[in-house]
Amino acid sequence: MIAEPKKPPALKRPIITLTTDFGNQDYYVGAMKGAILEINPNVVLVDISHQVPAHDLLGGAFTIRACYYDFPLHTIHLVVVDPGVGSKRRPILVKTENYYFVGPDNGVFSFIYECENIVNVWHLEASHYFRPAVSLTFHGRDIFAPVAGHLSKIMSGDEFGTPIEDFARIPIPKPQVQGRQMKGFVLLADRFGNLITNIELAELTAFMQAQGLKRFQLSIGGKAVGPIARTYAEGQGETFAVPGSSGYLEVAANQKSAERILNAQRGQECLLQFE
Amino acid sequence: MIAEPKKPPALKRPIITLTTDFGNQDYYVGAMKGAILEINPNVVLVDISHQVPAHDLLGGAFTIRACYYDFPLHTIHLVVVDPGVGSKRRPILVKTENYYFVGPDNGVFSFIYECENIVNVWHLEASHYFRPAVSLTFHGRDIFAPVAGHLSKIMSGDEFGTPIEDFARIPIPKPQVQGRQMKGFVLLADRFGNLITNIELAELTAFMQAQGLKRFQLSIGGKAVGPIARTYAEGQGETFAVPGSSGYLEVAANQKSAERILNAQRGQECLLQFE
Amino acid sequence: MIAEPKKPPALKRPIITLTTDFGNQDYYVGAMKGAILEINPNVVLVDISHQVPAHDLLGGAFTIRACYYDFPLHTIHLVVVDPGVGSKRRPILVKTENYYFVGPDNGVFSFIYECENIVNVWHLEASHYFRPAVSLTFHGRDIFAPVAGHLSKIMSGDEFGTPIEDFARIPIPKPQVQGRQMKGFVLLADRFGNLITNIELAELTAFMQAQGLKRFQLSIGGKAVGPIARTYAEGQGETFAVPGSSGYLEVAANQKSAERILNAQRGQECLLQFE
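Chains as they are written, first to last, in this note's numbering: chain A, 5 to 279; chain B, 5 to 279; chain C, 5 to 279.
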């Protein structure tokens, strides 16, 4: 589902968000912020998360997908989950109808390619926008942060490299429908132990309306889950489905961890049986 | 003890602080910041903590109580620890002599009601200040953040809803005095394993002066603790009392964890026997 | 190796970075930020890390060393790892050719004294720049943050106290050369389990060139490590050396934790045998 175009904000200062798997303990995030501020001290820096599990492309891809659209038009989203740093994977800049995205071409923008109208994707080649000496192990500081810093001043992608069309996507299987069943999977568990699935609420609702379906029974990894509740507090049964705030179907427990109760993990089957 | 009124600062940009139990891993904090910046890109956002234990109202209440007053006059403190999200608990805006507070009416501002002169508390009803589609599971993004964003532009509460008087408080028992004993309890342990009690230093000092008391012996959960020290470095014994920086009596160990040594937990009795 | 002097930036707003061992759960970081903003609401606050292990001077010293230079000229770096808070250890302000540093005089700036040309070090004595009532357990909020706030307005050190020359350093042993061997040690492990050693790449390269050496075999705590690779992705063997982005030799594993594989810890011997 493609997101709506946004209206222009009255941005006095450009916004750069940061999403990485660098953690909050080491100097890596600080180094990236310094590298940005050195180029444009007038930006607003916003941390989204640095606790994406190490090397977890799907986790990083979901995190930015779940909140990129909450930011003002023309926000620059910097996403660095980059297990292949220093290898042949390309550094890229993505311009969509509403936003800019900067990061490695390893599929971490896979959801963005589905949700936004893509204007252009550039292979970052103009090395005069990089740090003078680029390390082979920390492109976050040496390539992506400086490019985001310069971009926040220029607000145009053409100077940064060559347009490409073969940018990488990670395979994110869509829910499968078989008769009166829909099969999805667990994308990830959040801090509260809520399980976020890959079943989009908008698509689920459209499918059920088209088929005249009213209810479903849900199971995670073969374990039955209670009926869909509007809120965490109204849930019946130890675990139950809720319409998640990220636009996906979730499984939750009231003030408990559904992840722990169901012993669930990413990739586990999420089965809807329609009545 | 009511805090002193503050002097006006030369605020070029309004400040919004964030205190939540959303953790630093998921997209929730990013989504809230985006929602604020979308409405007022000119605010200064300050994270206080997103590591309040999940659903821990008392923990959230103490965290904002311990540092709200360090901020400039008219700072907006956004506090979202909200286990009842989507239920009938009301969203509220609190205006005190010095600050604004935005969050759920579940008692998370209980300490604030004791420490600040309250000007007004509004039930947030003016839904045109909310996100157009309000989810039932993420009012942090859909109600509280947008209201804080609009408030930072308007700086007046009347447009947001109806004044109420029956706002919720969580019961926070006061220390009990029985003869030559004072009984309090452990509020929480900090990162260093220091145990913060519910015994306010100002009240303890006033009580001891009034009664002509000079010293006390302290125990936590029945285990004896060394005499009060001025600093962590001067403490005698494995664990000892210190006057905590938040204004409460603390129990610490020099470069060790009093929590671990005493195997202490929230609610455990903190007993002072005066000599 | 002394860092190059920097060029002046077009700083509209002064930058203050924060590096502490306060963690992200408690109110301590929020209190420091409030104390700074109360004095100068016009600063840009940048978190480097608050997850320095509790009381770990060497960890804090390395963290600020690894990224201080990425920030614009005249950035104020606030570093509070302060196990001796309230004792006789002095609060200090360090002015170098490029930056300001504020924190306790306990050696946390040891690397800075080696990397920067020091202009002056002041013992912070002018208590009218402190919080009116200074606690003995939280100088981060009561001394260091207010001084950083005032410094961001004054940008001169002379008003804050008396110059000193006997500032503290922690002993950080240099790698030892014996014949065809170089012995260093593990400084710390990062989030990915990469082991950062105390062997500076610039010095290692200079030594090898001077001696006409081409290769070395590396072991950590007696366990052999694969040959040096340019990137994480190119590494051969379960663990291997890489030129780290902080300027030190590192030991890594491709998408795994070298720390766990080698069961390594700080201080363990890192031995290079040159061929």
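Check before you lean on any hint, since a few could be wrong.
Since copy identity is lost for identical chains, a pair holds within one copy or between any two.
Unchecked claim - Straight-line distance between alpha carbons at most 20 Å, and here's what the computed DMTMM-like set of lysine to aspartate or glutamate pairs gives:
(1) Lys178 / Glu118
(2) Lys260 / Asp60
(3) Lys92 / Glu238
(4) Lys16 / Glu129
(5) Lys10 / Glu273
(6) Lys10 / Glu238
(7) Lys92 / Asp170
(8) Lys92 / Glu118
Calculated from the structure, these hints are not laboratory results.
I want to check one pair: Lys10 and Glu273. Are their C-alpha atoms no more than 20 Å apart within a copy, between two copies, both, or neither? neither (35 Å within a copy, 55 Å between copies)
Measure nothing new, just compare the shortest in-copy and cross-copy C-alpha distances for Lys178 and Glu118 to 20 Å and report within, between, both or neither. within (12 Å within a copy, 53 Å between copies)
Quick one: Lys92 to Asp170, C-alpha cut-off 20 Å, is that within a copy, between copies, both, or neither? within (14 Å within a copy, 50 Å between copies)
Treating 20 Å as the Cα threshold, decide for Lys16 and Glu129: within, between, both or neither. For Lys16 and Glu129, neither the intra-copy (29 Å) nor the inter-copy (30 Å) Cα distance is at most 20 Å.
For Lys260 and Asp60, with the copy left unspecified, which applies at a CA distance of at most 20 Å: within, between, both, or neither? Answer is between: at 12 Å across copies they meet the 20 Å cutoff, but 25 Å inside does not.
Is the C-alpha distance from Lys92 to Glu238 at most 20 Å within one copy, between copies, in both cases, or in neither? Between copies only: 11 Å across, 50 Å inside.
Could you figure out if Lys92 and Glu118 sit no more than 20 Å apart (CA to CA) within one copy, between two copies, both or neither? Intra 25 Å, inter 36 Å, cutoff 20 Å: neither.
Given a CA cutoff of 20 Å, do Lys10 and Glu238 count as a within-copy pair, a between-copy pair, both, or neither? Neither: 34 Å inside a chain and 43 Å across chains, both beyond 20 Å.
Checked against the numbered hints above, the structure violates hints 4, 5, 6 and 8; every other hint is satisfied.
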